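Number of protein chains: 2
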Amino acid sequence: MNKINIREKLNLFHDHWNPRIVGELNGQHVKLAKLKGEFVWHSHAEEDELFLVLAGEFDMEFRDRTVHLTTGEFLIVPRGVEHRPIAQEEVSIMLFEPATTLNTGDAESKLTRTDLEKL
Amino acid sequence: MNKINIREKLNLFHDHWNPRIVGELNGQHVKLAKLKGEFVWHSHAEEDELFLVLAGEFDMEFRDRTVHLTTGEFLIVPRGVEHRPIAQEEVSIMLFEPATTLNTGDAESKLTRTDLEKL
Numbered sequence: 011m012n013k014i015n016i017r018e019k020l021n022l023f024h025d026h027w028n029p030r031i032v033g034e035l036n037g038q039h040v041k042l043a044k045l046k047g048e049f050v051w052h053s054h055a056e057e058d059e060l061f062l063v064l065a066g067e068f069d070m071e072f073r074d075r076t077v078h079l080t081t082g083e084f085l086i087v088p089r090g091v092e093h094r095p096i097a098q099e100e101v102s103i104m105l106f107e108p109a110t111t112l113n114t115g116d117a118e119s120k121l122t123r124t125d126l127e128k129l
Numbered sequence: 011m012n013k014i015n016i017r018e019k020l021n022l023f024h025d026h027w028n029p030r031i032v033g034e035l036n037g038q039h040v041k042l043a044k045l046k047g048e049f050v051w052h053s054h055a056e057e058d059e060l061f062l063v064l065a066g067e068f069d070m071e072f073r074d075r076t077v078h079l080t081t082g083e084f085l086i087v088p089r090g091v092e093h094r095p096i097a098q099e100e101v102s103i104m105l106f107e108p109a110t111t112l113n114t115g116d117a118e119s120k121l122t123r124t125d126l127e128k129l
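Just so you know, the protein sequences line up as chains A and B, in that order. For reference, each letter of the first sequence is one residue, going 11 to 129 in this note's numbering. For reference, each letter of the second sequence is one residue, going 11 to 129 in this note's numbering.
It is worth saying that the hints were derived from the structure and are not from the lab. A couple of the hints might just be wrong.
Just so you know, same-sequence chains aren't split out, so a pair can sit in one copy or run between any two.
With a cut-off of at most 20 Å between alpha-carbon atoms, the simulated SDA-like pairs for lysine to any residue come out as follows [stated by the list, open to error]:
{"hint": "1", "residue 1": "Lys-128", "residue 2": "Trp-27"}
{"hint": "2", "residue 1": "Lys-19", "residue 2": "Thr-81"}
{"hint": "3", "residue 1": "Lys-46", "residue 2": "Leu-121"}
{"hint": "4", "residue 1": "Lys-19", "residue 2": "Leu-64"}
{"hint": "5", "residue 1": "Lys-13", "residue 2": "His-26"}
{"hint": "6", "residue 1": "Lys-120", "residue 2": "Leu-64"}
{"hint": "7", "residue 1": "Lys-19", "residue 2": "Gly-82"}
{"hint": "8", "residue 1": "Lys-13", "residue 2": "His-78"}
{"hint": "9", "residue 1": "Lys-13", "residue 2": "Gly-66"}
{"hint": "10", "residue 1": "Lys-19", "residue 2": "Ala-65"}
{"hint": "11", "residue 1": "Lys-13", "residue 2": "Leu-64"}
{"hint": "12", "residue 1": "Lys-128", "residue 2": "Leu-112"}
{"hint": "13", "residue 1": "Lys-46", "residue 2": "Ala-117"}
For clarity, every value in this text was computed on a predicted model and none was experimentally measured.
Just chain A, same shape as in the assembly:
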C-alpha cells in the first residue's frame, strides 16, 4: 500500500505501445503507456477500456468518427467497439481496464504484449 507518483513511473520507460502495470484493484489494472504512431484496429469482447491523457494528445479512431483527446481528458471505449489510437507525437496515457485485457484485443499481432511489466 504505497503511493504511486505517475511522473516517476513514466520516467522509467521510453518505448511505445507497451503498457506497464502500476496498480491493481477489484480485478482491474491501472496501466501507464506511451503511444506514438498508429496502432491496429481492434476491439475487446468483454472489457470496457478507459484512456486518460496525462501529457500530450492523440486521436481515437472509431469506424464512424474520431475523438481527439488532450491532457486532462479521458474516454471510455465500451466492449465490442472497434477502435484505433493514433498519436502524431508521443503521448503518455493512463489506462484503467480489467486485468484480463490484451492490448490488441481480438487482433493479435507483433504489437501484442503479454506478461506486462509491473512498475
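Dock chain B against chain A, hints included.
What follows is chain B alone, placed relative to chain A:
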C-alpha cells in the same frame, strides 16, 4: 461515448465530500470529488478504492501511519483497511472504485452520500 474533460467537470461543483460520477466501466465508477477538512474513519468490506490527486494535496490516515499525497500521485486502499482522508486545503481528486462503493463505507453518518449525481 463522449470524452470527459476533467477540468470542465470539476468546475461544475464546489461542495466537499460529495463525489460526482463521471464514468462507468466494468462495474466500476470513475468519480470526481473535492475534499477539505477531516472525513470519518471507515473501511469498505468488499471494495478496493483508488485515490488520484488532480490538484492539491491531502493526507490519507491509516491506523498505523499516514500517507501524504500530492498532485499526480495515487494510492490504492485495499478493502477492509480503515482509512481517513484529511485535507488542510481544498484538494480535487479522482476515484476509481466499484459502483457499489459507499463513500463512508461501514461508517454511515451525515457525511454519507447516496444517489450520487452524474456529471
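Results for each hint:
no.: 1; hint: Lys-128 to Trp-27; verdict: within (15 Å within a copy, 32 Å between copies)
no.: 2; hint: Lys-19 to Thr-81; verdict: both (17 Å within a copy, 14 Å between copies)
no.: 3; hint: Lys-46 to Leu-121; verdict: within (13 Å within a copy, 44 Å between copies)
no.: 4; hint: Lys-19 to Leu-64; verdict: both (12 Å within a copy, 17 Å between copies)
no.: 5; hint: Lys-13 to His-26; verdict: neither (25 Å within a copy, 23 Å between copies)
no.: 6; hint: Lys-120 to Leu-64; verdict: neither (26 Å within a copy, 35 Å between copies)
no.: 7; hint: Lys-19 to Gly-82; verdict: both (18 Å within a copy, 11 Å between copies)
no.: 8; hint: Lys-13 to His-78; verdict: between (30 Å within a copy, 8 Å between copies)
no.: 9; hint: Lys-13 to Gly-66; verdict: between (24 Å within a copy, 15 Å between copies)
no.: 10; hint: Lys-19 to Ala-65; verdict: both (13 Å within a copy, 19 Å between copies)
no.: 11; hint: Lys-13 to Leu-64; verdict: both (17 Å within a copy, 14 Å between copies)
no.: 12; hint: Lys-128 to Leu-112; verdict: within (15 Å within a copy, 30 Å between copies)
no.: 13; hint: Lys-46 to Ala-117; verdict: within (19 Å within a copy, 46 Å between copies)
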